[in-house]
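*Asks:* Here is what each chain is made of, one letter per residue.
2 protein chains.
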Amino acid sequence: MKDQDGNEPPGAVSTERARRTDPDRTDGPGPDGPGPDRTGRTRTGPDRTGPDRTDPDQTDGPGRTGPDGPGPERTDGRTDGPGRTGPDRTGPERTDGRSAAGLRRAHAMASVKKVLVYGGKGALGSTCVKAFKAKSWEADVNVLVRPADSWEEQLAAVLEGVEGALAGEKLDAIFCVAGGWAGGSAKAKAMVKNCDLMWKQSVWSSAISAHLASRVLREGGLLQLTGAQPALGPTPGMMGYGMAKAAVHQLVRSLGAEESGLPPQVTALAILPVTLDTPMNRKFMPDADHTTWTPMEYVAGLFGKWAEGDERPKTGSLVQLITKDSKTELVNAD
Amino acid sequence: MKDQDGNEPPGAVSTERARRTDPDRTDGPGPDGPGPDRTGRTRTGPDRTGPDRTDPDQTDGPGRTGPDGPGPERTDGRTDGPGRTGPDRTGPERTDGRSAAGLRRAHAMASVKKVLVYGGKGALGSTCVKAFKAKSWEADVNVLVRPADSWEEQLAAVLEGVEGALAGEKLDAIFCVAGGWAGGSAKAKAMVKNCDLMWKQSVWSSAISAHLASRVLREGGLLQLTGAQPALGPTPGMMGYGMAKAAVHQLVRSLGAEESGLPPQVTALAILPVTLDTPMNRKFMPDADHTTWTPMEYVAGLFGKWAEGDERPKTGSLVQLITKDSKTELVNAD
Numbered sequence: 001m002k003d004q005d006g007n008e009p010p011g012a013v014s015t016e017r018a019r020r021t022d023p024d025r026t027d028g029p030g031p032d033g034p035g036p037d038r039t040g041r042t043r044t045g046p047d048r049t050g051p052d053r054t055d056p057d058q059t060d061g062p063g064r065t066g067p068d069g070p071g072p073e074r075t076d077g078r079t080d081g082p083g084r085t086g087p088d089r090t091g092p093e094r095t096d097g098r099s100a101a102g103l104r105r106a107h108a109m110a111s112v113k114k115v116l117v118y119g120g121k122g123a124l125g126s127t128c129v130k131a132f133k134a135k136s137w138e139a140d141v142n143v144l145v146r147p148a149d150s151w152e153e154q155l156a157a158v159l160e161g162v163e164g165a166l167a168g169e170k171l172d173a174i175f176c177v178a179g180g181w182a183g184g185s186a187k188a189k190a191m192v193k194n195c196d197l198m199w200k201q202s203v204w205s206s207a208i209s210a211h212l213a214s215r216v217l218r219e220g221g222l223l224q225l226t227g228a229q230p231a232l233g234p235t236p237g238m239m240g241y242g243m244a245k246a247a248v249h250q251l252v253r254s255l256g257a258e259e260s261g262l263p264p265q266v267t268a269l270a271i272l273p274v275t276l277d278t279p280m281n282r283k284f285m286p287d288a289d290h291t292t293w294t295p296m297e298y299v300a301g302l303f304g305k306w307a308e309g310d311e312r313p314k315t316g317s318l319v320q321l322i323t324k325d326s327k328t329e330l331v332n333a334d
Numbered sequence: 001m002k003d004q005d006g007n008e009p010p011g012a013v014s015t016e017r018a019r020r021t022d023p024d025r026t027d028g029p030g031p032d033g034p035g036p037d038r039t040g041r042t043r044t045g046p047d048r049t050g051p052d053r054t055d056p057d058q059t060d061g062p063g064r065t066g067p068d069g070p071g072p073e074r075t076d077g078r079t080d081g082p083g084r085t086g087p088d089r090t091g092p093e094r095t096d097g098r099s100a101a102g103l104r105r106a107h108a109m110a111s112v113k114k115v116l117v118y119g120g121k122g123a124l125g126s127t128c129v130k131a132f133k134a135k136s137w138e139a140d141v142n143v144l145v146r147p148a149d150s151w152e153e154q155l156a157a158v159l160e161g162v163e164g165a166l167a168g169e170k171l172d173a174i175f176c177v178a179g180g181w182a183g184g185s186a187k188a189k190a191m192v193k194n195c196d197l198m199w200k201q202s203v204w205s206s207a208i209s210a211h212l213a214s215r216v217l218r219e220g221g222l223l224q225l226t227g228a229q230p231a232l233g234p235t236p237g238m239m240g241y242g243m244a245k246a247a248v249h250q251l252v253r254s255l256g257a258e259e260s261g262l263p264p265q266v267t268a269l270a271i272l273p274v275t276l277d278t279p280m281n282r283k284f285m286p287d288a289d290h291t292t293w294t295p296m297e298y299v300a301g302l303f304g305k306w307a308e309g310d311e312r313p314k315t316g317s318l319v320q321l322i323t324k325d326s327k328t329e330l331v332n333a334d
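Protein sequences, first through last, are from chains R and X. For the first sequence, UniProt numbering gives the first residue as 1, with consecutive numbering after it. For the second sequence, UniProt numbering gives the first residue as 1, with consecutive numbering after it.
Hint data in this document are derived by calculation from the structure and do not stem from the laboratory. Worth double-checking, as some hints may not be accurate.
It does not matter which identical chain is used: a pair holds within one copy or between any two.
To be verified - In the SDA-like style, the derived pairs of lysine to any residue whose C-alpha atoms are separated by at most 20 Å in a straight line are:
1. Lys324 x Pro286
2. Lys314 x Asn332
3. Lys133 x Glu308
4. Lys314 x Ala257
5. Lys189 x Glu163
6. Lys189 x Ala257
With these hints in hand, go ahead and build the complete structure from the sequences.
*Replies:* Next up, the structure:
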């Protein structure tokens, strides 16, 4: 925060970080079944939103980021902090020269999209990048966000990186799948610490994506944020998580309203998963009923469809992902 | 945020600050009419939540905290930053020795309460402190929170100050009326900056109050937080404000649920004002219909009543303050 003269103390904090996607990953989209038990790269993304791993009596521990916390499965040997996020942008594509009327339909018919995945290194983000690459939507530009930077500094880095790479062109879609999870009730010693972590992982990334969308998203484009189905109600065992996701939900409602500041005809929406079927969630909850978990490949497929204008929900939608017997149903929250 | 080893960069930010209440203020509670046009001390508190001063096209400026921003009316000559908050705690009182069963009723009948007002220097906070003093609920202990401190550091300061002063005794009620207001749509240059400010002013104080309540609030006590009626819906012209208040609303829902971590039988609730009748709001919106603004003295009277157990809403309530023709109606949000 700056004072009235615009001065700001150095060293505000964050753990967001982006890195280049791994070009040799080959798992493609597969909308219905659970994905392969892939290893590594699971530390960001909205892996887990269900209440069953919460511990309301938790009284200590560093951050306790649960399934999104650092695990031993990293494949690249790096050991940086939790919550790696940051946009992985696909390269520029040809434009079709059309605008305004018929724009959305024209773009819907174009086969190549220019998209950005914020949090593209997480379990869900990397799955999305792979799926988009499989559609020939390239993903080879990255923007690094320094963990020690403040919210505003991260915004500046993202704007500079993305706008520099776009060179005046626009994005078709922005997917923000950065996030994390931490438990704790009001009496948890780490309550405030976890609130802080949740805010940085979910809300910093979402607000930066929203402002970025106001600047670089094309008319009729798509902005997707990531909420959480449980945060539609009380979350006493994960106070900070619920607050952060409720803030994201409200942001989506605002973005979907008139005079939101987004380009014309943009669709802003959030997915609200219950539990995503990620390797880390499998590891931490091996005995859970995995047929109620939503496969990441399903989500990636959904995003691809929405980016193409196919079955895209209306702007402002909070789309709950309700999975039962390995089938996922989309249920708009009121 | 700390890394996995618990290390934390120095200098995380905040503008919260508390100061001693002014002992010569004499305006007392008056539940129904608009209060006198008092000057000064209006920079914190949920002064203004209505949408009519928003400017969705705002593109710059330092924080633009509107009616809660620093004004020329300060009476003490100090010029510190925006968002002064911090608990003003009343002194210790006699205990009645009873506990558990009948506790709430016993306390309801006691005439002297031990309460804390977080943000006791703001327009609403200072009005509350005055009203409580008029009931012989003393208010002469302050805890300072340093603007440059992080969320966790502010928590530590509040815990140390309050628990030190209490010396093992418990509080009857915690009122958190710290807050602020800033506008801006997604495209406002200051969007992220204002989100950050709103979070610090409303959510840091609320989360700290919640954790504090888990430690020092008596069984059957009252925890009041401050939401905002407009944040029940979209707030496209004040994105950060809406997100922060939505987070507070969700926190109250969680605090009202089972296993929230609060002491038994505590009532956790929020007031959701539309516009409070503060001097700063009068100054910035001189031509508004002031008969739809909620008088601060009404709110202070409400708090006093609730602290005494009189007409206290059930825990988890989001209590909208709807004022029309200078009469305020309480409407619970679903």
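*Asks:* Now tell me if each hint is right for this structure.
*Replies:* Going through the hints against the structure:
no.	hint	result
1	Lys324 x Pro286	within (17 Å within a copy, 56 Å between copies)
2	Lys314 x Asn332	within (10 Å within a copy, 29 Å between copies)
3	Lys133 x Glu308	within (14 Å within a copy, 63 Å between copies)
4	Lys314 x Ala257	within (11 Å within a copy, 32 Å between copies)
5	Lys189 x Glu163	between (41 Å within a copy, 15 Å between copies)
6	Lys189 x Ala257	between (38 Å within a copy, 19 Å between copies)
The structure is consistent with each of the numbered hints, conforming to all of them.
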